[in-house]
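Q: Each chain, written out:
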Amino acid sequence: MHPFAFLKTDGHLSSSVAGFLKKLLTDKIADAVLAAAPTPYSLLPMPTLFTDPEQIEKANPLAPAAPFNTARQAASILKHETGKRIALVLRPCEIRALVELTKLKQCVLENTIIIGVKCLGRMENAVYLEASSQNANLTQAFYDDPVLQDRICSSCAICTRFQPVHADISLSVIGMSANESIGLSAETDVGLAVLKQLGFETCDAPEGRKDAVNRLLEKRESAKTAAFEKTRDKTDSIEKFQRYFADCLNCHNCRVACPVCYCRECVFLTDVFAHDPEVLLRRASKKGMVKLPTDTTMFHMTRMAHMAHACVACGHCSSVCPSHIPVADVFIRVAEEIQNLYAYEPGRDLSEAIPLLVFDEGV
Amino acid sequence: MKYEQPAIGVYICHCGMNIAPKVDVENVAAFAAALEHVVVARDYKFMCSSPGQSLIIKDIRERGLNRIIVASCSPRMHEKTFRKACEQAGINPHYLQMANIREQISWVTKDSNDATAKAKDQVAAAVARVVYHAPLTSLEIPVKKSMVVVGGGIAGIQAALTAAEAGYNVHLVEREPSIGGHMAKFDKTFPTLDCAACIMTPKMVEAAQHPDITLHTYSEVASVEGFVGNFKVGIRQKPRYIDASKCTGCGVCTTKCPSKVISEFDQGLTFRKAIYSPFPQAIPNTPVIDRENCLYFTKGRCRACEKFCEAHAIAFDQKEEILTVEAGSIIIATGFQTFDPTPLTQYGYGRYPEVYTSLEFERINNATGPTAGKLLMKNGKPPEKVAIIHCVGSRDSRYHAYCSRVCCMVSMKFAHLVREKTNAEVWEFYIDIRSPGKLYEEFYSRVQEEGVHMVRGRVAEVTDIPENAKNEGRLTVVAENTLTRRILRVPVDMVLLGVGLEPAKGADDIGRMLGVQRDKDGWFNELHAKLAPVKTAMSGIFLAGCCQGPKDIPDTVAQASAAAGEAVSLLAKGTVRTLAEISYIDPDLCSGCKTCIEVCPYTAIGFDEGRRVAVVNEALCKGCGSCAAACPSSAAAIRHFSGRQIMEEMEALLL
Amino acid sequence: MKEFEPKIIAMVCNWCTYTAADLAGTSRLMYPANIRIVRLMCTGMIDQKYILKAFLDGADGVFIGGCHPGDCHYINGNLKAVKRISGVRKLLEQFGFDPARLKLQWIGASEGPEFQRHMTEFVSTVKSMGPNPARDCMIL
Ligand SMILES: Cc1cc2nc3c(=O)[nH]c(=O)nc-3n(C[C@H](O)[C@H](O)[C@H](O)COP(=O)(O)OP(=O)(O)OC[C@H]3O[C@@H](n4cnc5c(N)ncnc54)[C@H](O)[C@@H]3O)c2cc1C
Ligand code: SF4
Ligand code: SF4
Ligand code: FES
Numbered sequence: 001m002h003p004f005a006f007l008k009t010d011g012h013l014s015s016s017v018a019g020f021l022k023k024l025l026t027d028k029i030a031d032a033v034l035a036a037a038p039t040p041y042s043l044l045p046m047p048t049l050f051t052d053p054e055q056i057e058k059a060n061p062l063a064p065a066a067p068f069n070t071a072r073q074a075a076s077i078l079k080h081e082t083g084k085r086i087a088l089v090l091r092p093c094e095i096r097a098l099v100e101l102t103k104l105k106q107c108v109l110e111n112t113i114i115i116g117v118k119c120l121g122r123m124e125n126a127v128y129l130e131a132s133s134q135n136a137n138l139t140q141a142f143y144d145d146p147v148l149q150d151r152i153c154s155s156c157a158i159c160t161r162f163q164p165v166h167a168d169i170s171l172s173v174i175g176m177s178a179n180e181s182i183g184l185s186a187e188t189d190v191g192l193a194v195l196k197q198l199g200f201e202t203c204d205a206p207e208g209r210k211d212a213v214n215r216l217l218e219k220r221e222s223a224k225t226a227a228f229e230k231t232r233d234k235t236d237s238i239e240k241f242q243r244y245f246a247d248c249l250n251c252h253n254c255r256v257a258c259p260v261c262y263c264r265e266c267v268f269l270t271d272v273f274a275h276d277p278e279v280l281l282r283r284a285s286k287k288g289m290v291k292l293p294t295d296t297t298m299f300h301m302t303r304m305a306h307m308a309h310a311c312v313a314c315g316h317c318s319s320v321c322p323s324h325i326p327v328a329d330v331f332i333r334v335a336e337e338i339q340n341l342y343a344y345e346p347g348r349d350l351s352e353a354i355p356l357l358v359f360d361e362g363v
Numbered sequence: 001m002k003y004e005q006p007a008i009g010v011y012i013c014h015c016g017m018n019i020a021p022k023v024d025v026e027n028v029a030a031f032a033a034a035l036e037h038v039v040v041a042r043d044y045k046f047m048c049s050s051p052g053q054s055l056i057i058k059d060i061r062e063r064g065l066n067r068i069i070v071a072s073c074s075p076r077m078h079e080k081t082f083r084k085a086c087e088q089a090g091i092n093p094h095y096l097q098m099a100n101i102r103e104q105i106s107w108v109t110k111d112s113n114d115a116t117a118k119a120k121d122q123v124a125a126a127v128a129r130v131v132y133h134a135p136l137t138s139l140e141i142p143v144k145k146s147m148v149v150v151g152g153g154i155a156g157i158q159a160a161l162t163a164a165e166a167g168y169n170v171h172l173v174e175r176e177p178s179i180g181g182h183m184a185k186f187d188k189t190f191p192t193l194d195c196a197a198c199i200m201t202p203k204m205v206e207a208a209q210h211p212d213i214t215l216h217t218y219s220e221v222a223s224v225e226g227f228v229g230n231f232k233v234g235i236r237q238k239p240r241y242i243d244a245s246k247c248t249g250c251g252v253c254t255t256k257c258p259s260k261v262i263s264e265f266d267q268g269l270t271f272r273k274a275i276y277s278p279f280p281q282a283i284p285n286t287p288v289i290d291r292e293n294c295l296y297f298t299k300g301r302c303r304a305c306e307k308f309c310e311a312h313a314i315a316f317d318q319k320e321e322i323l324t325v326e327a328g329s330i331i332i333a334t335g336f337q338t339f340d341p342t343p344l345t346q347y348g349y350g351r352y353p354e355v356y357t358s359l360e361f362e363r364i365n366n367a368t369g370p371t372a373g374k375l376l377m378k379n380g381k382p383p384e385k386v387a388i389i390h391c392v393g394s395r396d397s398r399y400h401a402y403c404s405r406v407c408c409m410v411s412m413k414f415a416h417l418v419r420e421k422t423n424a425e426v427w428e429f430y431i432d433i434r435s436p437g438k439l440y441e442e443f444y445s446r447v448q449e450e451g452v453h454m455v456r457g458r459v460a461e462v463t464d465i466p467e468n469a470k471n472e473g474r475l476t477v478v479a480e481n482t483l484t485r486r487i488l489r490v491p492v493d494m495v496l497l498g499v500g501l502e503p504a505k506g507a508d509d510i511g512r513m514l515g516v517q518r519d520k521d522g523w524f525n526e527l528h529a530k531l532a533p534v535k536t537a538m539s540g541i542f543l544a545g546c547c548q549g550p551k552d553i554p555d556t557v558a559q560a561s562a563a564a565g566e567a568v569s570l571l572a573k574g575t576v577r578t579l580a581e582i583s584y585i586d587p588d589l590c591s592g593c594k595t596c597i598e599v600c601p602y603t604a605i606g607f608d609e610g611r612r613v614a615v616v617n618e619a620l621c622k623g624c625g626s627c628a629a630a631c632p633s634s635a636a637a638i639r640h641f642s643g644r645q646i647m648e649e650m651e652a653l654l655l
Numbered sequence: 001m002k003e004f005e006p007k008i009i010a011m012v013c014n015w016c017t018y019t020a021a022d023l024a025g026t027s028r029l030m031y032p033a034n035i036r037i038v039r040l041m042c043t044g045m046i047d048q049k050y051i052l053k054a055f056l057d058g059a060d061g062v063f064i065g066g067c068h069p070g071d072c073h074y075i076n077g078n079l080k081a082v083k084r085i086s087g088v089r090k091l092l093e094q095f096g097f098d099p100a101r102l103k104l105q106w107i108g109a110s111e112g113p114e115f116q117r118h119m120t121e122f123v124s125t126v127k128s129m130g131p132n133p134a135r136d137c138m139i140l
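Protein chains in written order, with the numbering used here: chain A, 1 to 363; chain B, 1 to 655; chain C, 1 to 140.
Mixed in with the good hints there might be a few duds.
Stated by the list, open to error - Here are the computed lysine to aspartate or glutamate pairs in the EDC-like style, where the Cα-Cα straight-line distance is at most 16 Å:
| hint | chain 1 | residue 1 | chain 2 | residue 2 |
| --- | --- | --- | --- | --- |
| 1 | A | K84 | A | D31 |
| 2 | A | K105 | B | E598 |
| 3 | C | K90 | A | E337 |
| 4 | A | K79 | B | E609 |
| 5 | A | K234 | C | E93 |
| 6 | B | K145 | B | E326 |
| 7 | A | K286 | C | D136 |
| 8 | A | K105 | B | E609 |
| 9 | C | K90 | A | D236 |
| 10 | A | K286 | B | D121 |
| 11 | B | K238 | B | E320 |
| 12 | A | K287 | C | D136 |
| 13 | B | K232 | B | E326 |
| 14 | A | K240 | C | D71 |
| 15 | A | K240 | C | E93 |
| 16 | C | K103 | A | D31 |
Hint data in this document are derived by calculation from the structure and do not stem from the laboratory.
Based on the provided sequences and hints, a complete structural model is requested.
A: Below, the structure is given as structure tokens:
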């Protein structure tokens with residue numbers, strides 16, 4: 001059992017959380033805090049790097065929206081040691097991606113305080129904007145109202161890894177009344193030290209939280225099974241696969257949104273796939289016609305082959321697709337097959353070797 | 001990337017009657033002529049002949065061809081030939097691509113139509129691929145003028161002397177306290193029966209005194225880095241606990257040392273001291289202290305040697321040292337060890353005191369051995385009847401399926417020596433006699449004439465239960481004489497086991513460090529069984545002696561000289577060309593994940609911390625492509641095996 | 001109707017399986033003409049996309065041949081290939097490809113007869129599976 005502390009909210013969930021983050025800056029526990037906050041121009045929360053305690057009052061990391069997976073932004077701050085201590089408020093899928101990116105030497109996790117959110121999911125941007133236009137206090141309302149909670153995106157609806165792994169402190173709303181207080185649990189020594197420094201009294205976690213987590217887990221598991229089944233039906237032949245991805249525009253948004261596609265430039269944008277006219281004509285001659293640009297199916301399958309072992313199931317590839325292709329539905333399902341094959345779970349453990357880098361006669 | 005507009009010439013070889021008529025070569029040429037970018041397509045009787053090559057050269061010059069396809073035999077056969085032709089005509093040799101239509105089509109396909117269709121596909125694939133070939137060049141790197149020889153048996157000594165005579169610096173690394181290997185243990189050598197010490201000792205001395213040879217005895221190879229021409233070899237010098245620069249080799253210490261230890265050199269038949277030289281003619285003659293058995297090291301008292309050593313050479317505080325030497329080439333000469341016959345319980349080795357391995361018998365027979373060369377049993381009496389069993393552990397699928405090559409001759413040498421030194425009767429039990437060396441068959445006849453009983457048959461059992469009381473106390477050898485189909489029970493006093501040869505212990509580590517493969521029995525693999533018998537697949541690393549397989553001294557010496565010759569030829573040339581078909585990492589694509597660094601088996605990739613990108617060391621890269629397959633963005637790609645080239649080839653095959 | 005003749009891509013390493021294929025030739029060991037060989041330096045250089053490319057372009061089977069474990073010319077390229085290939089196989093399976101269409105086999109340089117045997121067997125396995133479904137649909 002991790003040491004636990006209550007963060008009183010008294011009906012002001014967002015500002016209490018912001019207040020907690022503010023103390024990290026005022027008490028000089030962190031030099032900067034990365035957390036989601038709406039911009040002056042839109043309600044959509046964007047990952048924002050705060051150094052000023054006054055500004056951080058705007059942060060709203062529990063808002064049920066995330067225009068993208070913050071791991072890559074986090075990695076850009078953590079690219080190399082700066083001597084500064086940085087606190088990051090991240091969702092579990094973002095932490096998983098950050099761990100994978102660390103394994104891929106894209107960032108260093110030394111000197112950080114990772115604050116993970118026990119996550120109830122995010123809404124698609126449009127849904128969020130619409131809902132927040134109707135409810136000025138959407139964040140608070142979301143945690144009180146199961147109907148709002150059902151409006152999360154399809155990937156979150158089947159997410160079973162909603163509890164952060166590899167966080168120093170986790171912010172927990174599940175099984176708590178968010179309008180009274182939420183939980184802070186110290187999952188590492190670093191986390192405990194921070195809570196102590198901030199003057200929190202730690203105690204055992206209250207009863208009943210576990211049940212709430214289990215209920216949610218069950219619900220998600222069955223949703224996942226059903227969704228996987230449906231997706232399998234829609235993709236279990238190459239013909240169906242073509243139908244599924246038929247409207248793909250080759251915009252590569254999915255791969256840009258993918259937090260673990262860490263390549264600087266996708267191979268599909270390099271010379272390897274820049275075809276000469278002779279090649280295109282030759283391809284057309286094979287069946288009398290060829291759709292341009294070519295290699296759309298190759299792109300999706302190769303992306304799976306290269307990255308499925310590391311897929312953190314955040315669902316952002318679906319969210320960004322201009323053709324509304326449920327990319328994540330296939331990706332997450334296939335990823336689970338591949339991850340089971342390798343007995344690998346992305347984000348589980350920094351020291352767990354990337355399966356393609358373990359060489360033995362196995363699998 | 002395409003480098004210039006391709007102008008391709010395609011040449012289909014008939015290979016006499018080997019490709020045509022199975023493959024309809026004219027048809028294939030006509031098909032090729034219609035392919036994109038193809039300027040000329042011809043078929044010709046023998047492309048590899050000089051008129052064949054001239055055809056290509058002429059077309060390149062006259063028709064401005066810049067890509068060449070030769071559809072013929074395997075590229076493993078003639079890629080070099082045609083690359084040279086390209087070069088001669090003035091285009092980059094890597095603008096050649098071959099289609100293997102002989103080994104992989106005409107010779108393996110029944111139906112002529114099928115063969116022709118397949119040949120067309122492979123030609124089309126080669127054409128599609130060659131469009132994306134790039135002109136490649138390689139670097140010329142200077143070669144270090146020194147070499148390392150691992151193993152100081154006769155093979156290592158011979159190789160070292162040959163190379164040193166040519167004026168190159170040789171580091172001879174031997175793990176035992178003295179050089180000499182197995183040959184130093186023998187008394188006489190077949191077939192000429194010259195005294196082993198008489199021919200071996202001078203060689204050992206010569207090696208020790210040669211100004212260009214540095215002996216590293218009691219040393220092992222600790223690490224190997226680098227590549228052909230530029231190896232860095234770490235040599236671990238185990239502590240002798242004696243300051244070699246002070247030691248005069250007087251040997252007083254060994255007489256004063258009170259601790260008695262079983263002698264490895266004498267195969268456990270005598271004792272040595274804790275401070276010892278393995279044998280009187282040891283080179284160098286600086287003794288070593290065996291830490292495990294030294295009273296000072298184990299119990300903290302004694303130091304007798306120190307007291308008596310007038311040269312003050314004892315150095316109990318000596319530490320292991322690692323010395324790094326540079327080498328242009330490396331010769332492996334780690335030799336063999338003999339098969340331990342204990343598991344063959346039916347022969348009673350270890351159970352009956354009068355059952356000996358051949359190596360033990362060599363020591364008994366040796367003037368410096370346990371009996372000062374007299375042929376005596378453990379009870380001090382000479383034997384009256386001796387049995388010699390061939391093929392112990394060899395030609396036996398449970399142990400070693402191969403023939404150990406020397407045991408027949410060794411056994412007959414023993415038969416002769418027994419007859420010469422005693423009046424004993426000798427019985428040899430063999431499966432087949434293998435005596436295919438110069439003067440070997442003659443030696444066989446000679447031994448037969450000396451009255452040795454030759455029995456063809458594998459021995460079933462050696463037992464101490466006699467057939468009749470008169471032979472109480474003796475051993476009985478039971479075997480079927482397969483020529484007469486009779487079971488024999490021969491009472492004897494002594495049994496000698498002609499044990500097989502197996503790779504020396506530690507050969508696996510050497511193989512791993514040097515990247516040289518070993519065969520299923522553990523012998524080092526030569527590059528080619530016939531045409532490159534002393535080279536290995538690792539350029540710059542050669543094989544000498546029994547480490548490559550069992551052989552006798554003449555073959556060992558011949559091979560050692562050959563290995564030295566190859567090594568010297570490399571050093572004399574002075575430079576090596578790096579491979580052209582190696583990895584290149586595009587810094588604009590590299591995301592600095594270091595995955596490639598992790599997968600590269602040759603530590604050929606470094607990291608540029610400034611730009612945060614991986615960088616290939618062209619001298620170290622061997623072009624395995626591990627990095628290319630592991631890098632998801634294809635920032636790392638193998639020249640001549642790029643994703644583009646491979647996928648174009650495949651696409652054309654599947655058109 | 002003519003019997004279905006599959007087209008099979010064999011990606012083989014230069015040092016072992018390619019050499020075995022040459023040896024099969026030198027020994028005049030006949031096998032079906034359905035095999036199209038792509039010579040690579042080592043199985044360790046096989047990117048997943050090559051396999052996908054072959055299947056999407058209509059290969060009815062893909063055979064990958066390398067050195068036996070421990071014999072790879074580049075130490076362990078063959079072992080590097082193992083996981084990559086099993087991952088692609090799993091992936092293809094999700095989209096209706098019979099996993100047995102992708103085969104990985106170690107064939108040493110001296111194993112000409114084994115090369116012949118594996119080619120013959122694989123051709124007949126693939127034959128029994130029928131054509132690659134990608135042949136009949138438009139691949140985007
Ligand atoms: C009983 C017997 C009798 C024989 N009689 C004859 C005969 O009469 N005539 C004949 O022609 N042939 C004879 N032979 C064969 C002969 O012994 C070999 O041909 C010869 O010794 C081979 O020499 P070598 O240098 O290759 O190997 P070795 O003699 O085995 O020498 C290898 C050397 O390398 C050293 N070494 C091993 N590993 C390492 C390492 N990792 N690092 C450093 N050093 C290492 C060893 O200590 C050894 O000194 C006989 C063989 C046997 C077993
Ligand atoms: S694997 Fe690719 S991206 Fe990663 S460091 Fe190597 S070359 Fe760069
Ligand atoms: S090809 Fe790549 S992995 Fe192989 S030796 Fe060269 S750099 Fe290393
Ligand atoms: S060289 Fe054959 S598999 Fe690596």
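Q: If you draw a straight line from the CA of C/K90 to the CA of A/E337, is it 16 Å or shorter?
A: This hinted pair holds, its Cα atoms lying about 7 Å apart.
Q: Take the C-alpha atoms of A/K105 and B/E598, compute the straight-line distance between them, and say whether it is at most 16 Å.
A: holds, 12 Å
Q: Could you grab the alpha-carbon distance between A/K240 and C/E93 and see if it respects the 16 Å cut-off?
A: holds, 13 Å
Q: Keeping to a limit of 16 Å between CA atoms, is the pair of B/K238 and B/E320 held or broken?
A: holds, 5 Å
Q: Please verify whether B/K145 and B/E326 have alpha carbons no more than 16 Å apart.
A: Distance of about 9 Å is within 16 Å: holds.
Q: Regarding the pair A/K240 and C/D71, is the alpha-carbon distance no greater than 16 Å?
A: violated, 42 Å
Q: C/K90 and A/D236 were given as a pair; does the straight-line alpha-carbon distance stay at or below 16 Å?
A: holds, 12 Å
Q: Does the alpha-carbon distance linking A/K286 and C/D136 stay inside the 16 Å limit?
A: The given pair, whose Cα atoms are some 12 Å apart, holds under the 16 Å limit.
Q: Mind checking the alpha carbons of A/K84 and A/D31 for me, to see if they're no more than 16 Å apart?
A: holds, 6 Å
Q: Take a quick look at whether C/K103 and A/D31 sit within 16 Å of each other, Cα to Cα.
A: Measuring from Cα to Cα gives roughly 55 Å; hence the hint is violated.
Q: Taking only the CA atoms, is the gap from B/K232 to B/E326 under or equal to 16 Å?
A: holds, 5 Å
Q: Please verify whether A/K79 and B/E609 have alpha carbons no more than 16 Å apart.
A: Between A/K79 and B/E609 the Cα gap is close to 12 Å, so the pair holds against 16 Å.
Of the numbered hints stated above, those contradicted by the structure are hints 14, 16, listed in ascending order.
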